Structure formats: structure tokens, C-alpha cells
Amino acid sequence: MDSTYMTTKPALNLRDFLSDYQNKISGTADEVPFFLQTNPVLADVSDSCSLDLIESPDDSSIAVFQPAADKCRPTFSLPQENQHVPSTFTALSQHKDKSRKCPFGRTQYSHKLNPPPTDAPNLHLDACGELELTVRVYRPPRAYHRGFKVEIPVFAEEFVCLGSNYLTELRDKISCVCNGKRFVDISDDPDAPLPSIDTNPGYFFINDTFYNDQRNPNNPDYSKTVLQWAAKANGVNGETLKVESMEGKRFIDLTVSPGSPLHYLHHGNCEHLFVISQIEVLTPHSKRPDRSLYPYPHAFSTFNRRTCYMCGIRSYSFIVNQSRRQLHDPSYLCRSCFLSFFYVDGVKLGQFKAYRMYDHVELEDEEEDVKEQNLPF
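Residue numbers 576 to 952, in our numbering, belong to the letters of the sequence shown in order.
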């Protein structure tokens, strides 16, 4: 179950949590709970409880599942004899036959698991143990109405971190289209080079503290603007908010509420929600990859890219705002549709703002797909 829909737990200090756990397992055998003992199950007990001992000739046979070839079943009825067949039916039939998807393929609710590396050396822990945290990151909402976000959070990626990892190590691993770019209005010159950036500000808001990334002295303090707003806003003007540096804070030093949505802001107004969904105590007997591989990606979404709003085939490269010629604001357009719709002989038509997100060049096979889809109706 997605942790964002679970009941949030009270704030938990991770260092105190690990210390309490160590105190519980450091007592005598009578004081330590059975499930926390080093060897709670003896070898002979495991063998005597094996499922192989309860087999019976009357048991149902288990067939090994072997997936067969995919069979495409039509989802529409064929026209009857002596019935006029419009060209629309032919166009839709060819389109569905070509774009038919597997029912077990990717959706906006599915994601892929990324197993930890197996060829790396194992993690060496001392008797004090270590914490392992699972952090789920969600992509920024892409739909707005009158300044309010109207798209539900969509899972983007999941990372596994150690308590000894710094917050900056996680931030450097989070992927976003805004990373390393500065987007400006290029509607007057669609091929104009994007300006370079020399700063990379951002913060994590966890519990009641803003953790600013101050590795670059030129990074502006985003939390300052939020604190000025919070001092006057109704409902939060009495809250005590703190500010600390991200590069000097480890996960073990945090106080978090597992399952509670947290806030990550960067690139001006690019907002991500993230959740600490799981906390696990690692012992010297735990088999984990080497410490240098943390934080490592454990899962990622496969439904993070939009197609062009006009052709519906190619991936988008431009975002258009404040255009009265588009049904949606913003509109996501590929390069071919954007240039052919908004420009005549290289001259801009109308008033709008455009931002180039990807320097994607349409390939020849993509052009052929578009031509095949432009069938007569």
C-alpha cells in the first residue's frame, strides 16, 4: 500500500530509536524478546517444521506456469455484410491494431523494482548496527487551475538510504527535468541556447525544519521567503520553524513521522513530495550492498513522460503557456508540431510563452509513424 494513504505516526527521533533498539537486545536471554534473539530458531526445529514433511499423494498437482504468446483480441465488433464501412472504422482499426498494449504493461500506478547490486561487497557493520530508510519521491504536479495544483501525487522513484548518509547525498540522486537547467521564454527564438546556471539552491522541509543546500555560497535561501510568508499566514503564524544546513545533516539526526508527506523544493518553484515509508534496523548479520552504493534506487516509475498534445505520438519538447490558440494551458508539444503551428517562415504567430524542455530531434521512424496515422476519415 502507498504510504501516503496510511495513518501517519508520531514524530520519531531516529537516533533515539536506534539507541532504544540496542538497549533491548543488549540484555540477557530472558529479557530479550524471542524475535530479537540472535538465533531464535534452532536448526532441528526448522527441519522438523519443513513443509516437505506434510506432502501427500492426494495433494493437487502444481503446474509450472509458462507464459504463452500474446493474443490480441478485438475490442470492437466488425461491421456486418452489406453494411457501409466508413473510412473512420478503417482508420481506427489500423490505429488500434498498431497501438494495442499489453494489459499487464505500464500504467500511472505501476513501477519497476531495481534490485540492489549483487556483485558489490557486503556492508560491514559494527555491533552498534545501522538504520536503513526507504524514501519515496513523487514527481511535481503538472496540472494547475487558478494557481492550485489539481493533479494527485504520482510516484517517481524510491531510494534506500542509510542513517549515516547525508541529506545532500539523497538530493544529488533525485532525478528531475529541472536539474542543471534554467528555463526561459524562447518563443522569439526557439533554438536559442539556454543560459547556464551557477547555483543550485533547494531545501528539504522535514518535521519543523528547513534544511537548505548551502554547498554553494551563492545559493539563495529559499526558506527565507517561506518563513516571511508563514509569519503572517493564518494557521501557521504561531509555529516555531527552524533552519539548518543540508550538507551537515545525516538521516540518523532527523526527527521524522513515517508515512507523513515531506517537502522538497528546488529550481524556484519545482515542488516534490517525498515520504519516509520504511525504517529498518540493520545488524552485523544483515546482507546489504557496500556503504558506498547508498543511497541506491530501489524502484522507479515508467510513466513519467507526456506525448505531444497535437500529434499524440512523439514525446514533447516544448511547453507553451498563455496561448489563446491552444485548448490546454500549459500545452506539451513536440518540436515538429510546435514549429509548424506557431511559426510561419520562422516568424512567431500570436502572443504566447514557450519553454524548451528537451533538445529532442524527431527520428525518421517517428515521422513515418505520424504519416501513417494521418489517414482519411
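Incorrect hints may appear among the rest.
[Said to hold, decoys possible] Cross-link-like lysine-lysine pairs, in silico, BS3-like; alpha carbons within 27 Å at most:
{"id": "1", "residue 1": "Lys807", "residue 2": "Lys756"}
{"id": "2", "residue 1": "Lys928", "residue 2": "Lys756"}
{"id": "3", "residue 1": "Lys824", "residue 2": "Lys799"}
{"id": "4", "residue 1": "Lys748", "residue 2": "Lys807"}
{"id": "5", "residue 1": "Lys923", "residue 2": "Lys687"}
{"id": "6", "residue 1": "Lys807", "residue 2": "Lys817"}
{"id": "7", "residue 1": "Lys862", "residue 2": "Lys824"}
{"id": "8", "residue 1": "Lys687", "residue 2": "Lys599"}
{"id": "9", "residue 1": "Lys799", "residue 2": "Lys748"}
{"id": "10", "residue 1": "Lys824", "residue 2": "Lys748"}
{"id": "11", "residue 1": "Lys923", "residue 2": "Lys756"}
{"id": "12", "residue 1": "Lys599", "residue 2": "Lys807"}
{"id": "13", "residue 1": "Lys817", "residue 2": "Lys799"}
{"id": "14", "residue 1": "Lys748", "residue 2": "Lys928"}
[To be verified] The calculated label-pair distances, taken between Cβ atoms and stated as ranges, are:
{"id": "15", "residue 1": "Val919", "residue 2": "Gln897", "range": "17 to 25 Å"}
{"id": "16", "residue 1": "Pro716", "residue 2": "Ser820", "range": "26 to 34 Å"}
{"id": "17", "residue 1": "Asp865", "residue 2": "Pro768", "range": "34 to 42 Å"}
{"id": "18", "residue 1": "Leu587", "residue 2": "Ser861", "range": "16 to 24 Å"}
{"id": "19", "residue 1": "Phe758", "residue 2": "Ser601", "range": "53 to 61 Å"}
{"id": "20", "residue 1": "Val919", "residue 2": "Lys807", "range": "46 to 54 Å"}
{"id": "21", "residue 1": "Pro795", "residue 2": "Gln897", "range": "44 to 52 Å"}
{"id": "22", "residue 1": "Ser771", "residue 2": "Lys928", "range": "51 to 59 Å"}
{"id": "23", "residue 1": "Arg900", "residue 2": "Ile772", "range": "44 to 52 Å"}
Treat the hints as calculated values from the structure; they're not laboratory data.
These numbers come from a predicted model, not from an experiment.
C-beta: ideal position from N, C-alpha, C; glycine also.
Against the structure, the hints:
| no. | hint | verdict |
| --- | --- | --- |
| 1 | Lys807 to Lys756 | violated, 33 Å |
| 2 | Lys928 to Lys756 | holds, 17 Å |
| 3 | Lys824 to Lys799 | holds, 19 Å |
| 4 | Lys748 to Lys807 | violated, 35 Å |
| 5 | Lys923 to Lys687 | violated, 42 Å |
| 6 | Lys807 to Lys817 | holds, 16 Å |
| 7 | Lys862 to Lys824 | holds, 26 Å |
| 8 | Lys687 to Lys599 | violated, 37 Å |
| 9 | Lys799 to Lys748 | holds, 25 Å |
| 10 | Lys824 to Lys748 | holds, 16 Å |
| 11 | Lys923 to Lys756 | holds, 24 Å |
| 12 | Lys599 to Lys807 | violated, 46 Å |
| 13 | Lys817 to Lys799 | holds, 11 Å |
| 14 | Lys748 to Lys928 | violated, 31 Å |
| 15 | Val919 to Gln897: 17 to 25 Å | holds, 20 Å |
| 16 | Pro716 to Ser820: 26 to 34 Å | holds, 28 Å |
| 17 | Asp865 to Pro768: 34 to 42 Å | holds, 40 Å |
| 18 | Leu587 to Ser861: 16 to 24 Å | holds, 20 Å |
| 19 | Phe758 to Ser601: 53 to 61 Å | holds, 54 Å |
| 20 | Val919 to Lys807: 46 to 54 Å | holds, 49 Å |
| 21 | Pro795 to Gln897: 44 to 52 Å | violated, 26 Å |
| 22 | Ser771 to Lys928: 51 to 59 Å | violated, 21 Å |
| 23 | Arg900 to Ile772: 44 to 52 Å | violated, 31 Å |
Violated hints for the displayed structure, listed by number in ascending order: 1, 4, 5, 8, 12, 14, 21, 22, 23.
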